[in-house]
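Chain order of the listed sequences is A and B. 78 is the number that the working numbering gives to position 78 of the first sequence; each next residue is one higher, with no gaps. 1203 is the number that the working numbering gives to position 203 of the second sequence; each next residue is one higher, with no gaps.
Please keep in mind that the hints were generated in silico from the structure rather than gathered at the bench. Heads up, the beta-carbon is just placed ideally off N, CA and C, and yes, glycines get one too. Fair warning: there could be bad hints in the mix.
Here are some chain A residues pointing at chain B (derived, C-beta under 10 Å) [unchecked claim]: (1) L22; (2) N54; (3) Y68; (4) T70; (5) L111; (6) S115; (7) E118; (8) Y120; (9) R122; (10) I139; (11) A141; (12) T144; (13) K159.
In silico lysine to aspartate or glutamate, DMTMM-like type, Cα no more than 25 Å apart, as pairs [unchecked claim]: (14) A:K66 to B:D1136; (15) A:K165 to B:D1084; (16) B:K1165 to B:D1189; (17) B:K1201 to B:D1084; (18) A:K66 to B:D1084.
Here's the letter readout for the chains.
There are 2 protein chains.
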Amino acid sequence: MTLCDIGNTTVDLFSEGVRSKLDVHDFNPDTLSGAVYYVSVNLAFNEKIRDYRNWYDVREFIDWDKYYSTMGIDRIMVCEAVFDGVIVDAGSAITVDVMDVGVYQGGFISLGLRSAQEAYARLSPALDVSFNFEVDLTIMAQNTPDALTVGFLAPLIEKIEGLGKPLYLTGGDARLLSRFFTEARVEEDLIFSGMKKLIEKGSKC
Amino acid sequence: MTLCDIGNTTVDLFSEGVRSKLDVHDFNPDTLSGAVYYVSVNLAFNEKIRDYRNWYDVREFIDWDKYYSTMGIDRIMVCEAVFDGVIVDAGSAITVDVMDVGVYQGGFISLGLRSAQEAYARLSPALDVSFNFEVDLTIMAQNTPDALTVGFLAPLIEKIEGLGKPLYLTGGDARLLSRFFTEARVEEDLIFSGMKKLIEKGSKC
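Same shape as in the complex, but just chain A (with noise of 0.2 Å):
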């Protein structure tokens, strides 16, 4: 069995506990034989997949009872990974969800890393500058680059610190962010766990 996170970009698979990065225009389908589970972001790809008899949509398997409808399919992924728990999925955007004892409880979103530095820039020359990731992030800042960083790290992540729950983080920037909380799990590979838990669930029904 092949577990597949297909994105706009790339392809992410998952396969007797390997898992390997490909660009979405170098990979075939045809090389995959046997049963392909695969979540998808990508409209042209499902296009390209659709009449593929081993590929099946892991959207298919999921309650959306519990979820809302404009959920991302990443997000619903790493929620069935955690039966109670916060997890943060510090990509591009970094997504904040909340399990209590199996049921979704909600979460919100803020800026990734790379997309709020790029905004301050935005903003002005002066704020053209690299977070500080070795900043103290309970004092006050007394320079630009702290200022920054403090501004949008610190706020967020006592925010989730507040949360009180058993903390799972994930993707690209999930290491860096972990010097950050007192105590969490780095989980790299949780949306493939949760993609397995809900298709086990779903062939037990």
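Starting from the known structure of chain A, fit chain B onto it as the hints suggest.
This is chain B only, laid out in the frame that chain A set:
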């Protein structure tokens, strides 16, 4: 005496309690007789008024040991207006600064409401939605507009409230933000109060 805040696109004037805003290209400094005290981030304009004997740069009144060298002049002015409290200037960026018994403690810079919304929109067409200013920031969101609004505002508002000092809001979005705070005073002319206090202090020395 006229007080004058010169930006890159606008000139904001304050004279005998009356405030007026002009496009910087429509403003002729010859129209002002008597003393003009100004702050400016507009290098071209500074060049233009260099030889005016009745224009005084308020920058020269600042005790730079109190602040950091790259700190925006507008931020310093609103800090000078407040002896003890948290000052939130909500414009293109949202600056948050702490004054403690006359001593600057530092601060931080968040994106402004418009720049945050634009940054979300750039991430994905699905996130190109307006903030919902009617949202309850204390609960997790269950739809996209609320998820963005809570994601941007809830951490920021909670961080500011947590600073535990009297709160002063100024800038174009001050009134809009004020609804989210349990107690805050909106002071639209705070920059001019700061300029006035600093000039009076300076002329006493």
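Do the hints match the structure? See the list:
Below 10 Å, beta-carbon pairs count as interface contacts, and L22 (chain A) has none with chain B, the closest being about 21 Å; its hint is therefore violated. Contact between N54 (chain A) and chain B, as hinted, is not supported at the beta carbon level, the nearest pair being about 29 Å apart and thus beyond 10 Å. Taking 10 Å as the C-beta cut-off, the interface hint given for Y68 (chain A) holds, the closest approach to chain B being about 5 Å. Interface restraint check: T70 (chain A) against chain B, minimum CB-CB distance 5 Å, threshold 10 Å, status holds.
With 10 Å as the threshold, the beta carbon of L111 (chain A) comes within range of chain B, its nearest partner Cβ sitting at about 5 Å, so the hint holds. A distance limit of 10 Å between C-beta atoms decides the matter here; for S115 (chain A) the minimum to chain B is near 5 Å, and the interface restraint holds. At its closest, the beta carbon of E118 (chain A) sits 7 Å from a beta carbon of chain B; the interface hint therefore holds under the 10 Å criterion. Because the beta carbon of Y120 (chain A) sits about 7 Å from the nearest beta carbon in chain B, less than 10 Å, this interface hint is met.
With 10 Å as the threshold, the beta carbon of R122 (chain A) comes within range of chain B, its nearest partner Cβ sitting at about 7 Å, so the hint holds. Against a cut-off of 10 Å between C-beta atoms, the interface hint on I139 (chain A) holds, since the closest Cβ of chain B lies about 7 Å away. Given hint, A141 (chain A) at the interface with chain B, holds; its Cβ is 5 Å from that chain's nearest Cβ, closer than 10 Å. A hinted interface residue such as T144 (chain A) counts as satisfied when its beta carbon comes closer than 10 Å to some beta carbon of chain B; here the least separation is about 5 Å, so the hint holds.
The closest approach between the C-beta of K159 (chain A) and any C-beta of chain B is roughly 4 Å, which is under the 10 Å cut-off, so the hint is satisfied. Between the alpha carbons of K66 (chain A) and D1136 (chain B) the distance comes to roughly 21 Å, so the proposed pair stays at or under 25 Å and holds. At most 25 Å may separate the alpha-carbon atoms for a hinted pair to count; K165 (chain A) and D1084 (chain B) exceed this at roughly 35 Å. For the given pair, K1165 (chain B) sits about 20 Å from D1189 (chain B) by alpha-carbon distance, which is consistent with the 25 Å threshold.
Between K1201 (chain B) and D1084 (chain B) the alpha-carbon distance is near 17 Å, which keeps this suggested pair within the 25 Å criterion. A threshold of 25 Å between alpha carbons decides the hint, and for K66 (chain A) with D1084 (chain B) the separation of about 47 Å lies outside it, so the pair is violated.
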